[in-house]
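Residue numbers (the working numbering), protein chains in the order written: chain A, 1 to 390; chain B, 1 to 390.
None of these hints come from the bench; they were simulated from the model.
The calculated lysine-lysine pairs, modelled on DSSO-like cross-linking and capped at a C-alpha distance of 30 Å, are:
no.	chain 1	residue 1	chain 2	residue 2
1	A	K127	A	K7
2	A	K344	A	K21
3	B	K277	A	K74
4	B	K74	A	K277
5	A	K344	A	K127
6	A	K184	A	K144
7	B	K205	A	K277
8	B	K127	B	K148
9	B	K277	A	K205
10	A	K127	A	K86
11	B	K7	B	K344
12	A	K127	A	K346
Which bits of chain B does chain A cover? Going by a derived footprint, with three or more residues having C-beta under 8 Å, they are:
no.	stretch
13	70-80
14	251-263
15	292-303
16	306-315
17	355-364
Incomplete in silico selection of chain B near chain A, CB under 8 Å:
no.	residue
18	L62
19	R101
20	E102
21	S266
22	S319
23	A320
24	D375
Here a beta-carbon is modelled for each residue, glycine too, at the ideal position from N, C-alpha and C.
There are 2 protein chains.
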Amino acid sequence: MNTLLIKNVLLSGRKTNILVKGNRFENLDAPSDTVVDNVLDGEGTAILPSFFNTHTHAAMSLLRGYADDMPLDKWLTEYIWPFENKMTALDIRNGSELAVREMIASGTTFFSDMYFDIQETIDIVQKYGIRAAIGITFVESHSKSEQKDKLDMLENWVDPTGGRIMLTVAPHAVYTVSSELFVKCADVARQHNLKIHVHLSETEKEVTDCKAQHGLTPVRYLDNLGVLGPNVIAAHVVHIDEEEAEILAERGVTVAHCPCSNMKLSSGHLNYALLEKAGCRVTIGTDGACSSNNLDMREAMKFAALLAKDRSGNPQLMSAEDAFRIATRNGAEAFGIDAGAIEKGKLADAVLVDMNNIKMQPCHNLISNWVYSADSSAISHVLCDGKIIL
Amino acid sequence: MNTLLIKNVLLSGRKTNILVKGNRFENLDAPSDTVVDNVLDGEGTAILPSFFNTHTHAAMSLLRGYADDMPLDKWLTEYIWPFENKMTALDIRNGSELAVREMIASGTTFFSDMYFDIQETIDIVQKYGIRAAIGITFVESHSKSEQKDKLDMLENWVDPTGGRIMLTVAPHAVYTVSSELFVKCADVARQHNLKIHVHLSETEKEVTDCKAQHGLTPVRYLDNLGVLGPNVIAAHVVHIDEEEAEILAERGVTVAHCPCSNMKLSSGHLNYALLEKAGCRVTIGTDGACSSNNLDMREAMKFAALLAKDRSGNPQLMSAEDAFRIATRNGAEAFGIDAGAIEKGKLADAVLVDMNNIKMQPCHNLISNWVYSADSSAISHVLCDGKIIL
Numbered sequence: 001m002n003t004l005l006i007k008n009v010l011l012s013g014r015k016t017n018i019l020v021k022g023n024r025f026e027n028l029d030a031p032s033d034t035v036v037d038n039v040l041d042g043e044g045t046a047i048l049p050s051f052f053n054t055h056t057h058a059a060m061s062l063l064r065g066y067a068d069d070m071p072l073d074k075w076l077t078e079y080i081w082p083f084e085n086k087m088t089a090l091d092i093r094n095g096s097e098l099a100v101r102e103m104i105a106s107g108t109t110f111f112s113d114m115y116f117d118i119q120e121t122i123d124i125v126q127k128y129g130i131r132a133a134i135g136i137t138f139v140e141s142h143s144k145s146e147q148k149d150k151l152d153m154l155e156n157w158v159d160p161t162g163g164r165i166m167l168t169v170a171p172h173a174v175y176t177v178s179s180e181l182f183v184k185c186a187d188v189a190r191q192h193n194l195k196i197h198v199h200l201s202e203t204e205k206e207v208t209d210c211k212a213q214h215g216l217t218p219v220r221y222l223d224n225l226g227v228l229g230p231n232v233i234a235a236h237v238v239h240i241d242e243e244e245a246e247i248l249a250e251r252g253v254t255v256a257h258c259p260c261s262n263m264k265l266s267s268g269h270l271n272y273a274l275l276e277k278a279g280c281r282v283t284i285g286t287d288g289a290c291s292s293n294n295l296d297m298r299e300a301m302k303f304a305a306l307l308a309k310d311r312s313g314n315p316q317l318m319s320a321e322d323a324f325r326i327a328t329r330n331g332a333e334a335f336g337i338d339a340g341a342i343e344k345g346k347l348a349d350a351v352l353v354d355m356n357n358i359k360m361q362p363c364h365n366l367i368s369n370w371v372y373s374a375d376s377s378a379i380s381h382v383l384c385d386g387k388i389i390l
Numbered sequence: 001m002n003t004l005l006i007k008n009v010l011l012s013g014r015k016t017n018i019l020v021k022g023n024r025f026e027n028l029d030a031p032s033d034t035v036v037d038n039v040l041d042g043e044g045t046a047i048l049p050s051f052f053n054t055h056t057h058a059a060m061s062l063l064r065g066y067a068d069d070m071p072l073d074k075w076l077t078e079y080i081w082p083f084e085n086k087m088t089a090l091d092i093r094n095g096s097e098l099a100v101r102e103m104i105a106s107g108t109t110f111f112s113d114m115y116f117d118i119q120e121t122i123d124i125v126q127k128y129g130i131r132a133a134i135g136i137t138f139v140e141s142h143s144k145s146e147q148k149d150k151l152d153m154l155e156n157w158v159d160p161t162g163g164r165i166m167l168t169v170a171p172h173a174v175y176t177v178s179s180e181l182f183v184k185c186a187d188v189a190r191q192h193n194l195k196i197h198v199h200l201s202e203t204e205k206e207v208t209d210c211k212a213q214h215g216l217t218p219v220r221y222l223d224n225l226g227v228l229g230p231n232v233i234a235a236h237v238v239h240i241d242e243e244e245a246e247i248l249a250e251r252g253v254t255v256a257h258c259p260c261s262n263m264k265l266s267s268g269h270l271n272y273a274l275l276e277k278a279g280c281r282v283t284i285g286t287d288g289a290c291s292s293n294n295l296d297m298r299e300a301m302k303f304a305a306l307l308a309k310d311r312s313g314n315p316q317l318m319s320a321e322d323a324f325r326i327a328t329r330n331g332a333e334a335f336g337i338d339a340g341a342i343e344k345g346k347l348a349d350a351v352l353v354d355m356n357n358i359k360m361q362p363c364h365n366l367i368s369n370w371v372y373s374a375d376s377s378a379i380s381h382v383l384c385d386g387k388i389i390l
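All chains, full assembly: derive it from the sequences and hints.
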């Protein structure tokens, strides 16, 4: 098994040597003369878990800056959808590559995606060495044969990387997927032990329409259909009441909070206090770069923390430590990936942060500097699955 | 006069050569063989106006990450003030240097500061070649002789840089300065044609206390004292009503909006729609790094735009173009500095942005990418007063 020694790196304020064996942390206090295949000089850097981005549309990085500052309806119908209709498989490939390169450069080693022509995105993930949960998107408007092809792909798929890529079942949203299709998606996910990735309660209109059509809010409607469970990752979850927060927590649903996208589109703002009180697992997603407009989890983490404080009027809500855990470990746990912390035995996904970067100085509190002050210029190396990918 | 030719740089989407003569843009379409003292290769970059940060406490960068995620009272009384009481002139110098280096690295060429031991900060500004408006802070608790020393300094001061540094009169806030001292400050400012830099309506408590003590809100109280005028830059201005927005606009007061600081301390959120409707000039400040926790105007600009949209429910409010103008030209205008735009005759303060940076691609819209996507890793050069300072 390949071995890597990260020398003289700061871990919890102490300088140490970290041995990575294969794709896992083997020894967090290794002798400096350990014989290894590769050595990485970590002098002047601190090691931290990398980011887990739980809601993306990677290929939409091609639409970064294409349409901003307009109402959701106009944005979608006049700009985004017409653009997407013209996208080829090669566009998806190029967009995914742009996204993956940006994610690595900003310290992210995992993303949960929802888009089409997924083989292109899978190829890019394989090539660049990061992790992904690639959603197979289901919408009502697809033909029966298209839906069958997708189900076949789920059944027969083998991860070409042997562990870095999983498929997820991605019924798009309550306004694009019928009850029958939602139930079918939930069945398939149960049968193959897969995660479900869905947009949920993103806008007021979604809630109003769902109540008009089904007599229930989106959360209650999906719960009634038996869709909600610990394998569900629900993106946005902006418009919910206290009881819905409790339903989500009881079912073990994970929320993918997308602060930049929600704020920019004026969709509303996630009520973190409510979800935290209910005991719901919150993670962070950037959403696609056409709404957010980057895939920078460090920035999204600061937005999440400051938005929580601003919305609640409570400056103690979502501390730097909380925001950091939400953006790293919580995301890994939601997808059952044994990473998100620098611990012996964990998968070696990590960021080396340059402590000499001007935004990291002085260092009264490393996590505070990382969450509230840093930017990607402070990242010196990124590790995923035991390999140096930046 | 020193001359500089910036070759092959993108300006408004067109590749050109820009001639800087002395400290001003002389020709935006200069021949590529113009004979000059210095040549800067701008290939692959775009030129944009640099940032004008209208509210800082530079030396407080030493307190970055020192105390976070706590109520304002505890934060001030148990952490910030005790720390500040121990700060020496050398600390102020080091903190100012850290701040100035961070500002330059993130594309800022001007800051309006309010702190003490200002000679230390002035020395650093002089050394690093940027611009600043250095506030002479007035608080009631200073002795009469201290106040007199400060007034003397204002009267006798000569800018050692011959144009990059101005002093401002900085009565701290309505809760730390008496009516008499406010009136004296306003008189001195009028007499010497100086700007006034003041904290205003930052918290609900400030408003409640001011009404209890003076029977008026802070804006109305200062207006009654005759303090408000076009020379006033008021930081925060979070808690105001419609009539107060109109008073501020009528008097020509500039607002220094500090979105990150306000959100992190849960002080409330500036009502941009109200100020815009009233016709009030809004600019952006980072506040000190102990609340914001960096001095990154690009990040503050994105926070300002997204906060405006989130607070108003209107995604069209504060477009990327608006946010960019607010963070650049508006700040320059507020301080009477003939910069903030890449135009013939303007002072040559600018940023060269690396168009190959992953966050700047693709480029459907340069300003949108700069406001919503970029970070400091995209900055290749910074110019201030005609000189390359990064």
